[in-house]
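Undergrad: Read off the chains here:
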Amino acid sequence: MNAIAYVHEQLTGKKEFPKFKAGDNITVNYKIIEGNKERIQSFKGDVIKRQGTGHTACFTVRKISDGVGVERLFPFFSPNIESIVLNKTGNVRRAKLFYQRKRSGKSARIREKRMAVVATDTAK
Amino acid sequence: MKGIIGKKIGMTSIFDPTGKQTACTIIEAGPCVVTQVKTKESDGYSALQLSFGEKKEKHATQAEKNHFAKASTAPKKFSKEFRDFAIEKNIGETVTVDIFAEGDKVEVVGTTKGKGFQGVVKRHGFHGVGQQSHGQHDRQRAPGSLGNSSDAARVMKGMKMAGRTGTDRVKLKGLKVVKIFAEKNYILVSGSVPGHIGSIVLIQK
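So the sequences go chain by chain: G and W. So in the numbering used here, the last one in the first sequence is 133, and the numbering has no gaps at all. So in the numbering used here, the last one in the second sequence is 207, and the numbering has no gaps at all.
Keep in mind the hints are simulated off the structure, nothing from the lab. One or more of the hints may lead you astray.
Unchecked claim - Below, computed lysine-lysine pairings styled on DSSO-like, alpha-carbon distance capped at 27 Å:
no.: 1; chain 1: W; residue 1: K124; chain 2: W; residue 2: K162
no.: 2; chain 1: G; residue 1: K115; chain 2: G; residue 2: K72
no.: 3; chain 1: W; residue 1: K91; chain 2: W; residue 2: K67
no.: 4; chain 1: G; residue 1: K97; chain 2: G; residue 2: K40
no.: 5; chain 1: G; residue 1: K40; chain 2: W; residue 2: K22
no.: 6; chain 1: W; residue 1: K181; chain 2: W; residue 2: K22
no.: 7; chain 1: G; residue 1: K23; chain 2: W; residue 2: K22
no.: 8; chain 1: W; residue 1: K22; chain 2: G; residue 2: K72
no.: 9; chain 1: G; residue 1: K46; chain 2: W; residue 2: K22
no.: 10; chain 1: W; residue 1: K22; chain 2: G; residue 2: K53
no.: 11; chain 1: W; residue 1: K186; chain 2: G; residue 2: K23
no.: 12; chain 1: W; residue 1: K181; chain 2: G; residue 2: K23
no.: 13; chain 1: G; residue 1: K24; chain 2: W; residue 2: K22
no.: 14; chain 1: W; residue 1: K22; chain 2: G; residue 2: K58
no.: 15; chain 1: W; residue 1: K173; chain 2: W; residue 2: K40
no.: 16; chain 1: W; residue 1: K22; chain 2: G; residue 2: K28
no.: 17; chain 1: W; residue 1: K186; chain 2: G; residue 2: K24
no.: 18; chain 1: W; residue 1: K181; chain 2: G; residue 2: K24
no.: 19; chain 1: G; residue 1: K72; chain 2: G; residue 2: K105
no.: 20; chain 1: W; residue 1: K175; chain 2: W; residue 2: K115
no.: 21; chain 1: W; residue 1: K58; chain 2: W; residue 2: K82
no.: 22; chain 1: W; residue 1: K181; chain 2: W; residue 2: K91
no.: 23; chain 1: W; residue 1: K22; chain 2: G; residue 2: K30
no.: 24; chain 1: G; residue 1: K40; chain 2: W; residue 2: K181
Work out the full structure, taking the sequences as your base and the hints as a guide.
TA: Quick look at the structure:
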């Protein structure tokens, strides 16, 4: 496996992303090509899984668009990913949130994980 | 023709600048030592014998030791002749991944994974006999009839039947060299390559 790790290290460009995991709400800004024009589109939703390691790692984002669930899979090291913004940290107990697919409305919400500093502020 | 002997390492994927992802196989190719040069005058055809992989001194026979001593190298695990090698090489010289360039179309030869004793559906792509319902059972993966009736009264030679499957020599043509890491002797070719991880493969052009 060392050889594969070496190849991954060589291929992987220097890309800085915020740390996020399943349950977090993120916005992915990615490039799309329309005709010969290139523009940036964003996809905002909850991360339901992260998978893979090294150069082939990717994650799935799920959102509800006009009442229809939409999932999109993004490879971390795709040159088309412009930036990732972490909006909210979710409070979940699992690494893969596939149960979200069966839920809708109120039960599909993910509770936000409140940080210690924020908690003391609200206590006042 | 030019070629090199390598070892299959595993698979990964690579992105091109437009974001298209290509699956590719990592092969540790070479460095191979030229252990024999065959010429038209002395052998009737021209070829280079390349050798690859370390072999412990105590596991080498005396014949092997003497053969490799001619190229002043340690005994190697695997040797293979390449006919009409495109590059001039003398005995004892090495062949590295530099003989290929990124974007080249190459052929990869390997031995497929062994599958053991398999039925005709897996081995020859038969479709089985009949259905699951309508009073039938146990016929889903059956070979069906083996031939004629009383005329012939025997099974023809070469009839496709169940048996040992896999471990076939397979050559894949038109694989693209995606990337080369010359300092580590790694070569990345597009798509999959026959054989298990660690198996010997030949890359030719």
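Undergrad: Are the hints correct? Go through all of them and say.
TA: Hints and how they fare:
no. : hint              : verdict
1   : W:K124 <-> W:K162 : holds (12 Å)
2   : G:K115 <-> G:K72  : holds (14 Å)
3   : W:K91 <-> W:K67   : holds (21 Å)
4   : G:K97 <-> G:K40   : holds (23 Å)
5   : G:K40 <-> W:K22   : holds (13 Å)
6   : W:K181 <-> W:K22  : holds (15 Å)
7   : G:K23 <-> W:K22   : holds (19 Å)
8   : W:K22 <-> G:K72   : holds (24 Å)
9   : G:K46 <-> W:K22   : holds (17 Å)
10  : W:K22 <-> G:K53   : holds (23 Å)
11  : W:K186 <-> G:K23  : holds (21 Å)
12  : W:K181 <-> G:K23  : holds (19 Å)
13  : G:K24 <-> W:K22   : holds (18 Å)
14  : W:K22 <-> G:K58   : holds (22 Å)
15  : W:K173 <-> W:K40  : holds (24 Å)
16  : W:K22 <-> G:K28   : holds (25 Å)
17  : W:K186 <-> G:K24  : holds (24 Å)
18  : W:K181 <-> G:K24  : holds (21 Å)
19  : G:K72 <-> G:K105  : holds (15 Å)
20  : W:K175 <-> W:K115 : holds (19 Å)
21  : W:K58 <-> W:K82   : holds (19 Å)
22  : W:K181 <-> W:K91  : holds (25 Å)
23  : W:K22 <-> G:K30   : holds (25 Å)
24  : G:K40 <-> W:K181  : holds (25 Å)
Comparing the model with each earlier hint shows no violations; every hint is respected.
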